[in-house]
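In case you want the letters, here they are:
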Amino acid sequence: MVVVLLPGMLAAEAGGEKRFEVEAATVAEALRALLISNLIFDERGNLRHLVNIYVDGADIRDRGGVEAKLTGSETIQIVGAIAGG
Amino acid sequence: MAPVVLVGTRKGLFVLSGNGERRDWEVSGPLLRGWEVFHAIADPRDGAVYAATNSFVYGATVHRSVDRGETWTRAEELGLPEESDLTLEKTWHVEPGREGEDGRLWLGGAPGVLFKTDDSGTTWQAVDGVVGHPTRDRWNPGAGGMCCHSIQLDPDDPNRMYIAISAAGTFRSEDGGESWTPANKGVAADFMPNDTFPEVGQCVHKLLLHPARPERLWQQNHCGVYRSDDHGRNWERLEGNGLPSGFGFPIALDPADPDTAYVIPEEGAESRVTPDGRLGVYRTRDAGASWELASNGLPAPAWCAVLRECTSFDDEAVYFGTQSGSVFVTADGGESWSEAASQLPPILSVEAAEWS
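Chains as they are written, first to last, in my numbering: chain B, 1 to 85; chain A, 1 to 356.
There may be inaccurate statements among the hints.
Not the full set, but computed from the structure, chain A residues with beta-carbon under 10 Å of chain B [stated by the list, open to error]:
| no. | residue |
| --- | --- |
| 1 | 32 |
| 2 | 74 |
| 3 | 75 |
| 4 | 77 |
Computed list of chain A residues with no C-beta within reach of chain B, every gap over 12 Å [said to hold, decoys possible]:
| no. | residue |
| --- | --- |
| 5 | 25 |
| 6 | 76 |
| 7 | 142 |
| 8 | 194 |
| 9 | 237 |
| 10 | 244 |
| 11 | 245 |
| 12 | 333 |
Per the computed footprint, the stretches of chain B lying under chain A, defined by three or more beta-carbons under 8 Å from a beta-carbon of chain A, are [what the hints assert, rightly or not]:
| no. | segment |
| --- | --- |
| 13 | 2-15 |
| 14 | 44-51 |
These aren't lab readings, by the way, just hints derived from the structure by calculation.
Keep in mind it's a predicted model, so treat the numbers as computed, not measured.
For glycine and all other residues, C-beta sits at the position ideal for the given N, C-alpha and C.
Using the sequences provided together with the hints, build the complete structure.
Spelled out as structure tokens, the structure:
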């Protein structure tokens with residue numbers, strides 16, 4: 001199973017759970033399986049610009065984006081951009 | 001019933017609970033932590049709270065609570081059709097439907113868009129007549145984006161309603177929101193280089209309809225305060241008569257008196273602070289023919305700003321909230337003001353409600 005870890009704000013939107021296990025062949029599949037997927041993707045299905053996704057610590061931008069393949073044992077971490085005041 | 005004021009801020013939603021005299025207030029919150037609450041309102045039909053919520057990371061959405069903010073659900077479907085070439089930027093204003101229109105609400109957003117729901121906010125449908133309006137290429141965003149911030153429903157005619165967009169102007173629908181006619185005659189757009197009275201492009205800051213006299217509309221505009229007595233077909237500019245400036249954002253109407261309104265002017269578009277170094281509310285009791293300062297109890301010196309969604313009325317009182325995080329209330333028609341809350345995050349909206 002792929003583990004997906006949510007930041008606090010998304011966890012609050014997902015019933016308070018920070019950790020989910022999903023079956024998915026790609027990063028996109030894993031993210032779209034979440035109840036909060038419409039906060040990660042816009043209405044065109046594009047990953048929002050300020051949402052960062054890491055797979056086993058590596059930025060998915062360096063691994064082919066959300067279509068990157070998974071073997072089924074990875075940990076995906078969602079991190080909102082760090083900015084603001 | 002105890003008065004409640006919903007205060008949307010840059011950093012969540014706060015709830016002010018008062019007593020009958022509206023002197024002592026208890027502040028709770030923040031709810032919806034992490035979200036910018038552009039507007040929150042309690043649906044008078046069933047008490048459900050709706051919030052137009054935005055995150056610079058996670059986008060724009062609407063939250064709903066049926067237990068006074070204890071728990072929230074979020075819109076499942078909310079977006080613009082692909083053929084529009086537009087994507088939703090912000091949600092700005094939630095307007096509950098009329099009594100008897102169960103489950104119906106309207107939502108205004110940026111870029112100049114309107115949505116409708118008939119299932120209490122689970123799914124929202126974009127209103128094609130606004131998204132694809134034939135004048136859209138003449139609309140321009142204001143400093144806050146091209147926001148649809150005002151939605152007013154005629155209580156007497158189920159097919160008539162109004163929206164206002166900055167900077168596109170006021171639009172009226174006579175067919176339940178299918179088609180929209182510009183309603184800007186007599187409203188200036190002084191910032192336009194050639195035509196200062198165009199068909200569209202006016203920068204309305206807030207539009208309100210008087211519920212007891214629905215042919216009467218008021219607007220606080222970038223270029224003056226206006227009143228219409230014919231459903232927005234013609235507008236009269238109301239200044240040079242006691243207002244220190246025609247520029248401002250909010251306007252509040254006394255539901256018991258169609259001739260009484262309140263505005264909170266700012267110096268002007270280039271200096272958006274309260275005039276004369278004081279927080280000043282200006283009141284008219286003669287439909288805008290004259291205005292008087294009603295500032296007893298408000299701070300001075302003060303260089304505040306009050307945003308477009310930040311005034312509200314209930315049966316007993318007027319409320320407003322500042323960008324510097326204070327909420328003020330008057331229960332005597334503006335003769336005296338008291339501070340109901342302070343040190344909140346910058347306030348984006350104020351709505352009075354009554355919870356049984």
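query = Any CB of chain B closer than 10 Å to the CB of residue 77(A)?
reply = holds, 8 Å
key: Least C-beta distance from residue 142(A) to chain B larger than 12 Å   = Correct as stated: the minimum Cβ-Cβ distance to chain B is 22 Å, above 12 Å.
12 Å cut-off, C-beta based - residue 237(A) kept clear of every residue in chain B = holds, 39 Å
task = Count the residues of the segment 44-51 of chain B whose CB lies closer than 8 Å to any CB of chain A, then report whether that count reaches three.
result = holds (count 4)
Check on residue 244(A) being off the interface with chain B, judged by Cβ distance over 12 Å = holds, 32 Å
message = For residue 194(A), is the shortest CB-to-CB distance to chain B above 12 Å, so the non-interface label stands?
response = Its Cβ never comes within 12 Å of chain B, the nearest being 37 Å, so this holds.
task = Hey, is residue 76(A) genuinely clear of chain B, shortest beta carbon separation above 12 Å?
result = violated, 7 Å
query = Would residue 245(A) pass as off the interface with chain B, using Cβ distances and a cut of 12 Å?
reply = Holds, because the least Cβ-Cβ distance between residue 245(A) and chain B comes to about 30 Å, which exceeds 12 Å.
inquiry  = Using a Cβ cutoff of 8 Å, are there at least 3 residues of the segment 2-15 of chain B near chain A, or does the coverage claim fail?
reply    = Coverage by chain A holds for the segment 2-15 of chain B (5 residues, Cβ < 8 Å).
message = Min Cβ distance, residue 74(A) to chain B: is it shorter than 10 Å?
response = Holds. Min distance 6 Å.
task = Please confirm whether residue 25(A) is truly not at the interface, meaning its C-beta sits more than 12 Å away from all C-beta atoms of chain B.
result = holds, 26 Å
query = With a cut-off of 10 Å, does the beta carbon of residue 32(A) approach a beta carbon of chain B closely enough for the hint to hold?
reply = holds, 9 Å
Going down the numbered hints, you'll see the structure goes against just number 6.
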